[in-house]
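Let the sequences and hints guide you as you build the complete structure.
Number of protein chains: 2
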Amino acid sequence: MSSTSFDFASLLPAGLPPAAARWNGRVKCDFTGGNNDADALPLDGLIAAATAVLRREGRTLSTYGLNSGPQGYRPLREFLASKLKAAAGIACTPDDILITSGSLQALDLVNATLLQRGDTVIIEEDCYQGTINRLTRLGVTVIGIPLDREGMRMDALSSALDELKRKGVRAKYIYTIPTVQNPTATILPVERRQEMLRLSAAHGVPIWEDDCYADLTWSGERPPAIYALSDHGGVIHIGSFSKSIAPALRVGFIVAPWEVMVRTLALKTDGGSGALEQMVLAEYCTANFSKHVPALRRALRAKLVTLTEALQQHFGPAAQFDDPEGGIFLWVTLPEGVDAAKLYQSALAAGVAINPGPEWSVNKSRARNRLRLCFASPSHEEINQGVATLAQLCRREFGLSG
Amino acid sequence: MSSTSFDFASLLPAGLPPAAARWNGRVKCDFTGGNNDADALPLDGLIAAATAVLRREGRTLSTYGLNSGPQGYRPLREFLASKLKAAAGIACTPDDILITSGSLQALDLVNATLLQRGDTVIIEEDCYQGTINRLTRLGVTVIGIPLDREGMRMDALSSALDELKRKGVRAKYIYTIPTVQNPTATILPVERRQEMLRLSAAHGVPIWEDDCYADLTWSGERPPAIYALSDHGGVIHIGSFSKSIAPALRVGFIVAPWEVMVRTLALKTDGGSGALEQMVLAEYCTANFSKHVPALRRALRAKLVTLTEALQQHFGPAAQFDDPEGGIFLWVTLPEGVDAAKLYQSALAAGVAINPGPEWSVNKSRARNRLRLCFASPSHEEINQGVATLAQLCRREFGLSG
Numbered sequence: 001m002s003s004t005s006f007d008f009a010s011l012l013p014a015g016l017p018p019a020a021a022r023w024n025g026r027v028k029c030d031f032t033g034g035n036n037d038a039d040a041l042p043l044d045g046l047i048a049a050a051t052a053v054l055r056r057e058g059r060t061l062s063t064y065g066l067n068s069g070p071q072g073y074r075p076l077r078e079f080l081a082s083k084l085k086a087a088a089g090i091a092c093t094p095d096d097i098l099i100t101s102g103s104l105q106a107l108d109l110v111n112a113t114l115l116q117r118g119d120t121v122i123i124e125e126d127c128y129q130g131t132i133n134r135l136t137r138l139g140v141t142v143i144g145i146p147l148d149r150e151g152m153r154m155d156a157l158s159s160a161l162d163e164l165k166r167k168g169v170r171a172k173y174i175y176t177i178p179t180v181q182n183p184t185a186t187i188l189p190v191e192r193r194q195e196m197l198r199l200s201a202a203h204g205v206p207i208w209e210d211d212c213y214a215d216l217t218w219s220g221e222r223p224p225a226i227y228a229l230s231d232h233g234g235v236i237h238i239g240s241f242s243k244s245i246a247p248a249l250r251v252g253f254i255v256a257p258w259e260v261m262v263r264t265l266a267l268k269t270d271g272g273s274g275a276l277e278q279m280v281l282a283e284y285c286t287a288n289f290s291k292h293v294p295a296l297r298r299a300l301r302a303k304l305v306t307l308t309e310a311l312q313q314h315f316g317p318a319a320q321f322d323d324p325e326g327g328i329f330l331w332v333t334l335p336e337g338v339d340a341a342k343l344y345q346s347a348l349a350a351g352v353a354i355n356p357g358p359e360w361s362v363n364k365s366r367a368r369n370r371l372r373l374c375f376a377s378p379s380h381e382e383i384n385q386g387v388a389t390l391a392q393l394c395r396r397e398f399g400l401s402g
Numbered sequence: 001m002s003s004t005s006f007d008f009a010s011l012l013p014a015g016l017p018p019a020a021a022r023w024n025g026r027v028k029c030d031f032t033g034g035n036n037d038a039d040a041l042p043l044d045g046l047i048a049a050a051t052a053v054l055r056r057e058g059r060t061l062s063t064y065g066l067n068s069g070p071q072g073y074r075p076l077r078e079f080l081a082s083k084l085k086a087a088a089g090i091a092c093t094p095d096d097i098l099i100t101s102g103s104l105q106a107l108d109l110v111n112a113t114l115l116q117r118g119d120t121v122i123i124e125e126d127c128y129q130g131t132i133n134r135l136t137r138l139g140v141t142v143i144g145i146p147l148d149r150e151g152m153r154m155d156a157l158s159s160a161l162d163e164l165k166r167k168g169v170r171a172k173y174i175y176t177i178p179t180v181q182n183p184t185a186t187i188l189p190v191e192r193r194q195e196m197l198r199l200s201a202a203h204g205v206p207i208w209e210d211d212c213y214a215d216l217t218w219s220g221e222r223p224p225a226i227y228a229l230s231d232h233g234g235v236i237h238i239g240s241f242s243k244s245i246a247p248a249l250r251v252g253f254i255v256a257p258w259e260v261m262v263r264t265l266a267l268k269t270d271g272g273s274g275a276l277e278q279m280v281l282a283e284y285c286t287a288n289f290s291k292h293v294p295a296l297r298r299a300l301r302a303k304l305v306t307l308t309e310a311l312q313q314h315f316g317p318a319a320q321f322d323d324p325e326g327g328i329f330l331w332v333t334l335p336e337g338v339d340a341a342k343l344y345q346s347a348l349a350a351g352v353a354i355n356p357g358p359e360w361s362v363n364k365s366r367a368r369n370r371l372r373l374c375f376a377s378p379s380h381e382e383i384n385q386g387v388a389t390l391a392q393l394c395r396r397e398f399g400l401s402g
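First to last, the sequence lines map onto chains A and B.
Counted the way this note's numbering counts, the first sequence spans residues 1 to 402.
Counted the way this note's numbering counts, the second sequence spans residues 1 to 402.
None of these hints come from the bench; they were simulated from the model.
Don't be surprised by glycine CBs; every beta carbon is placed ideally from N, CA and C.
Hints may contain errors.
Claimed, not checked - Below, a sample of chain B positions facing chain A; criterion: calculated Cβ distance under 7 Å: (1) L43; (2) Y64; (3) S101; (4) L265.
Stated by the list, open to error - The list that follows gives simulated cross-link-like pairs (lysine-lysine, DSBU-like), each with its CA atoms no further than 35 Å apart: (5) K342/B with K364/B; (6) K83/B with K28/A; (7) K342/A with K364/A; (8) K342/B with K28/B; (9) K165/B with K364/B; (10) K83/A with K364/B.
So this is what it looks like as structure tokens:
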């Protein structure tokens with residue numbers, strides 16, 4: 001690491017996030033992040049796809065955007081249009097889709113299209129950390145809607161919208177992860193989706209549907225996307241290949257009405273997203289996606305079983321959770337005395353990484369004794385040992401019995 | 001393209017860029033953009049590299065950041081450290097390097113690290129359009145320093161810094177493309193680099209060195225990077241694989257002192273750049289970069305010869321230009337009567353795309369009759385026909401003789 005005698009510090013603007021910490025390698029047992037099951041990666045298929053697509057049209061890599069223009073590699077958008085129709089009921093064409101560098105870039109682009117400092121947005125009370133952090137940095141007022149076992153509560157959403165109306169505030173969007181919600185893993189039933197659309201139309205507030213875990217329901221079934229159920233067109237839909245194929249590829253997408261698309265596209269000034277990933281995914285997924293995903297679901301569900309059994313064995317009734325309907329994470333409530341932020345520190349020192357609840361909720365005090373445990377990446381043995389370590393730490397530090 | 005009855009327009013914040021135009025495919029003869037020579041793409045080598053690296057370690061794709069952490073795939077950073085040492089004299093380690101999604105993300109990250117609205121920055125008067133556009137959007141005051149045949153003029157830089165000092169303004173950086181400047185294709189001699197460093201130290205203004213074309217000098221030689229010559233450490237260096245391998249891959253990098261790196265890294269919230277591109281580039285370049293680049297240079301130089309001969313044939317002395325020392329573009333001055341922005345429109349209608357000078361300069365009036373012609377991507381025949389078309393249009397519309 002090069003050091004400098006030059007005074008950069010006095011040049012930094014106000015409001016920068018804190019300096020990043022030095023990365024010291026992965027911990028022994030990592031229950032954090034959207035990492036996936038390495039054994040379930042379709043490696044042979046990806047290699048074959050890479051060879052085939054590069055042999056056929058690799059020379060287009062010499063051109064920004066290949067021969068597909070700024071919305072991304074057309075065969076990938078064609079695959080997505082057909083997959084979104086079959087799986088989520090979305091009727092769209094490749095022209096309605098923008099390929100992004102992961103759904104994180106999709107988050108940034110949609111936020112940049114709609115938000116300015118001082119705006120108000122509505123999200124689920126327990127919510128993806130990356131979304132919460134972005135909204136905090138953007139200086140936006142965030143209203144969290146409580147969830148129950150069927151996802152966002154529509155009575156609470158209705159009250160919040162009424163309350164905003166009384167104050168003369170029009171929220172910029174209702175952001176939801178309706179299908180395998182992060183972190184609660186709930187699935188919003190179709191009736192609630194319809195009610196959300198009714199409220200959206202009544203208040204003139206669009207819905208932003210983040211469907212990045214929607215391929216990973218245990219049953220293989222899912223309700224139609226909110227985008228598909230809309231008749232007013234006030235829905236922006238985003239998704240990702242990170243959870244269904246591999247997170248390191250960094251390929252996500254936005255489906256949006258053309259009026260929004262042209263604004264979002266004007267903000268995507270990155271020269272296009274990585275072409276190799278787009279080409280390989282299109283080639284692989286067109287032939288293999290529908291065979292790969294069920295195998296991945298089985299592997300993930302087996303790990304979830306290992307995790308819940310380990311929690312029952314090592315924590316007993318002290319660890320409370322609802323059985324997820326899909327996904328890669330479990331939202332666990334520990335007894336009131338447990339401080340998840342403190343547990344995070346001591347667990348890290350013991351080689352176990354967890355997501356402390358307060359980072360995944362806008363209701364920090366209610367999430368104080370909660371954890372998000374991601375189970376896709378660690379091995380079955382690491383899951384067992386990691387949970388045993390967490391239980392031991394909870395007994396020692398928070399007087400958990402057992 | 002889906003349309004919507006929902007009123008999104010009233011939700012858009014002020015200050016968005018204009019809506020993007022619909023993409024209608026590539027034009028017949030494209031003299032714009034950083035597209036490269038498709039025949040010079042090392043396709044067999046890239047396919048072999050993809051297969052080898054994926055066979056060996058492809059399962060790490062299941063993890064964000066592979067096993068390399070947030071600064072990017074370590075073998076690629078190792079290749080870069082060794083290549084930067086050999087080619088540019090830069091002594092750095094992989095820890096000093098951050099892999100980015102193209103050098104465009106590097107531009108955004110460094111700007112976000114240092115700039116806020118109202119700041120002042122110094123750039124070359126004729127400059128990369130993407131840099132100018134970003135600075136305009138950021139609301140920054142841009143001071144353009146004139147160039148001559150040896151790049152940025154140090155007497156003009158010195159005067160500009162003195163003038164700012166009198167006003168009590170400390171510029172946030174001096175941005176320069178010293179090695180094959182865009183669009184003038186000049187190379188800043190080592191004495192000017194040393195003088196720039198002296199001025200940087202005297203005024204407390206860091207230098208931001210954009211070296212994205214530096215691999216493409218005809219001689220294969222280049223002066224040491226400004227980063228390498230610095231003893232105060234006040235230099236940020238960026239580069240790219242877009243010009244040396246393929247632009248659609250979207251892989252660039254930042255070399256910076258650790259104090260800057262930790263701030264920049266905290267702003268890179270995209271879950272990492274595309275892993276497949278990083279892996280394939282590391283695998284390919286470690287073994288083949290030093291063989292590939294000379295072949296690419298020869299192919300590019302041959303196209304430049306075709307372009308300059310076509311200009312001489314069709315424009316005669318009406319087209320003025322200095323012989324570039326490398327790169328993929330030619331900065332052409334036409335007679336005073338020619339309006340490049342108008343020529344752009346009529347050329348596009350005739351299937352020829354050009355970069356009008358005013359978009360590549362902060363001195364719009366001086367650049368009014370200038371063009372940037374990129375020669376790497378069109379074929380030799382397209383170059384000939386494209387130049388003939390341009391000459392014909394200039395005769396018809398601007399009364400060019402000949």
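Problem set entry | 35 Å Cα cutoff - pair K342/B, K364/B | 14 Å, holds
For this session: Measure nothing beyond the straight line between the CA atoms of K342/B and K28/B; if it is 35 Å or shorter, mark the hint as holding.
Result: With a Cα-Cα distance of about 19 Å, the restraint between K342/B and K28/B holds, given a limit of 35 Å.
Problem set entry | Proposed interface contact between L43/B and chain A, which counts if any beta carbon pair is under 7 Å | 5 Å, holds
Problem set entry | Status of the S101/B interface restraint (C-beta, 7 Å, chain A) | Since the shortest Cβ distance to chain A is 6 Å, the answer is holds.
For this session: Compare the distance between the alpha carbons of K83/B and K28/A with 35 Å, and conclude whether the hinted pair is satisfied.
Result: 33 Å, holds
For this session: Would you mind confirming whether the straight-line C-alpha gap from K83/A to K364/B stays at or under 35 Å?
Result: With Cα atoms ~48 Å apart, K83/A and K364/B exceed 35 Å; violated.
Problem set entry | Pair hint K342/A and K364/A, alpha-carbon separation not exceeding 35 Å | Distance ~14 Å between K342/A and K364/A Cα, so the pair holds.
Problem set entry | Closest C-beta approach of Y64/B to chain A relative to 7 Å, hint status | The hint holds - Y64/B has a Cβ within 7 Å of chain A, the shortest such distance being about 5 Å.
Exercise. If you draw a straight line from the CA of K165/B to the CA of K364/B, is it 35 Å or shorter?
Worked result: The given pair, whose Cα atoms are some 26 Å apart, holds under the 35 Å limit.
Exercise. Holds or violated: L265/B as interface residue toward chain A, Cβ cutoff 7 Å?
Worked result: Nearest chain A Cβ about 4 Å off; hint holds.
Violated hint: 10 only; the structure is consistent with all others.
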